[in-house]
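Trainee: Chain residues, written in single-letter form:
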Amino acid sequence: MEQRTHESGAAAGEAGFDVAATLAACAGGDRTALHRLYEAEADRMLGVARRILKRDALAEEAVHDSFVLIFRQAARFDPARGSGRTWIYAILRNRALNILRGEKRTDFVDDYEPFGLEAEDESPEAALVRLSESGRLRACLERLEAPRRTAILLAYVNGLTHGELAGRFGVPLGTMKSWIRRSLLSLRECLA
Amino acid sequence: MSPDPHAPNRFEGLAAEHVMGLLEGEEARRAERLEQEDPGFAAAVERWRLRFGELDATAPAHAPPPDLLARISATLDAAEPEAPPQPESAPARAARPAPLAALWRSLGFWRATGLAGAAASLLLVIGIAFGPLGRLPQPQMVAVLIGPQGEPAALVNAFADGTADLIPLRTIAVPEGRVLEVWTLWDPARGPVSIGLSNEARRIRLDLKNLPRTAPNQLFEITLEPQGGSPIGRPTGPILMKGTTSVAL
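These protein sequence lines are chains E and W, in that order.
Heads up: the first sequence begins at 1 in UniProt numbering, then just goes up one per residue.
Heads up: the second sequence begins at 1 in UniProt numbering, then just goes up one per residue.
It cannot be assumed that every hint is accurate.
Cross-link-like lysine to aspartate or glutamate pairs, in silico, EDC-like; alpha carbons within 16 Å at most [to be verified]:
1) 209/W to 165/W
2) 177/E to 164/E
3) 177/E to 24/W
4) 177/E to 12/W
5) 209/W to 187/W
6) 177/E to 27/W
7) 209/W to 161/W
Facing chain E, from chain W, some residues (calculated, C-beta under 10 Å) [stated by the list, open to error]:
8) 19
9) 20
10) 22
11) 45
12) 50
13) 64
Computed footprint of chain E on chain W; a stretch qualifies when at least three of its residues, placed anywhere within it, have a C-beta under 8 Å from a C-beta of chain E [stated by the list, open to error]:
14) 8-15
15) 53-62
16) 69-77
No lab work stands behind these hints, which were simulated from the structure alone.
Given the structure is predicted, the values throughout are model-derived calculations rather than measurements.
Glycine included, every Cβ here is placed at the ideal spot set by N, Cα and C.
Please put together the full structure from these sequences, using the hints given.
Mentor: Given below as C-alpha cells:
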C-alpha cells in the first residue's frame with residue numbers, strides 16, 4: 001500500500017503546505033501546482049468522500065470532479081474570505097453530497113460499479129474518537145446528549161439528511177430538525 | 001449584516017446547516033445566495049467550516065488508484081480552449097464542464113434515451129429479423145447504441161461464432177487528431193475493455209476474442225479519444241453513444 005504519511009488526523013493540516021498559494025498558482029493555469037495539491041490532499045479527500053459515498057468508484061469520481069472544479073474555479077478563491085483548505089473541502093463535500101443525493105444513478109452507470117468495494121461503515125463515534133483529545137470540537141460534541149451527538153456526526157460525516165436521520169432514530173422529521181438546530185446552537189456557544 | 005437581525009440564531013443555524021449539507025430546496029438556494037452576497041453570512045459559514053473541518057481531518061486517508069491524477073488531467077485537457085472542435089453529434093456536451101461525467105449523470109437524458117431507445121430497438125430488431133438484413137448470418141445478440149438525443153446511432157451484432165461487428169446508423173464528425181473507440185463492459189470488476197478503434201463512422205469488426213461470449217445486457221459504448229486510443233486503457237472522452245445487448249429472436 002502506498003499510503004502516504006498521513007498518520008494522525010492532525011497531519012492533514014500539514015503546516016508546510018500552503019493551500020492558498022497553491023490555489024493562486026492554479027488560478028494562473030499552473031498544472032504542476034494542481035499536482036502538488038493532489039499529492040498533499042487527495043488521500044485525505046478520498047477518505048472524506050468514501051465516508052459519504054461508501055463506494056470507491058463514486059468517491060473517486062467526487063475527488064476527480066473536485067480537482068477539475070478546483071483548477072477551473074481557483075481564480076474565484078479569495079484568501080481574504082477564508083482558508084484555502086476549507087475552500088477545497090467545501091467543494092469536495094458539495095460534490096460528494098450532490099452525487100449522493102441529487103444525481104440518482106441509472107442502471108447503466110451502476111454497471112460500472114465494481115462489486116464488493118464499499119468502504120466499511122465506521123461508527124459515527126469513531127470520528128469523534130479520532131478528534132484531538134485537546135480539541136474544543138471534541139469536548140463540545142461530548143457535552144451533547146448521545147443521540148443528538150450521533151445525529152450531528154451522521155449528518156456531517158456520512159451525509160445523512162434530516163429525513164434519513166428521523167428514520168434512523170424513529171422520531172418525527174420536525175423533531176429531528178429541532179434536535180439538529182438546537183445541537184448546532186449549543187455547539188456554537190460551547191465553541192465561542 | 002444579518003438579513004434578519006431579530007433572529008441571529010436563525011441566521012447562525014442556517015449557516016451551520018448549509019455547511020453540514022442539510023439544507024434543501026429554497027433554503028439551500030437562499031444560503032448559497034447569502035454566502036455570495038452577505039459578508040456576515042459568509043464569515044459565519046467560514047467559521048462553521050473551520051469548526052467542522054476537524055471532522056474531515058479524522059477521515060482515514062485512502063490512496064487513490066494510480067490513474068486518478070491522469071483522469072483529472074485528461075478531463076482538464078479535454079476542455080482546453082485550443083482543443084479540437086467538438087463533433088456536431090455532441091452539441092449539448094460541448095458546453096458542459098465535465099462532459100463525460102455530466103452526460104452519465106443526466107437523468108433526463110437517459111430517461112428520454114430509454115423511451116426513445118426502447119421504441120427504436122424494437123423497430124430495428126424487427127427490421128433485422130424480417131428485413132433485407134435478415135439474410136445475413138443471424139446475430140445472437142444485438143445492441144442498439146443510442147446517441148445523446150435518444151436517436152439510434154449504431155448497431156452491434158454479436159454472432160454465434162464469437163465474432164461481432166458494429167454498423168453505424170448515422171455519420172459522426174470526428175475531429176482531427178481524435179478517434180472513435182468502442183468499449184464493452186462484460187465484467188464490472190474488470191471495467192470497460194477496448195474492442196475497436198476507428199477514424200470514422202464505418203462498419204468495423206470488433207475484437208472480442210479475449211472476452212467471454214457476449215451476454216444479454218452487456219454494455220457497449222463509443223467514446224471520442226485521442227489518436228491511437230485512450231492513453232489510460234479506460235474511457236476518457238465524451239460518450240457518443242451506448243446501449244446494451246438483447247437476445248435476437
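Trainee: List in ascending order the numbers of the hints, as given earlier, that are violated by the structure.
Mentor: none
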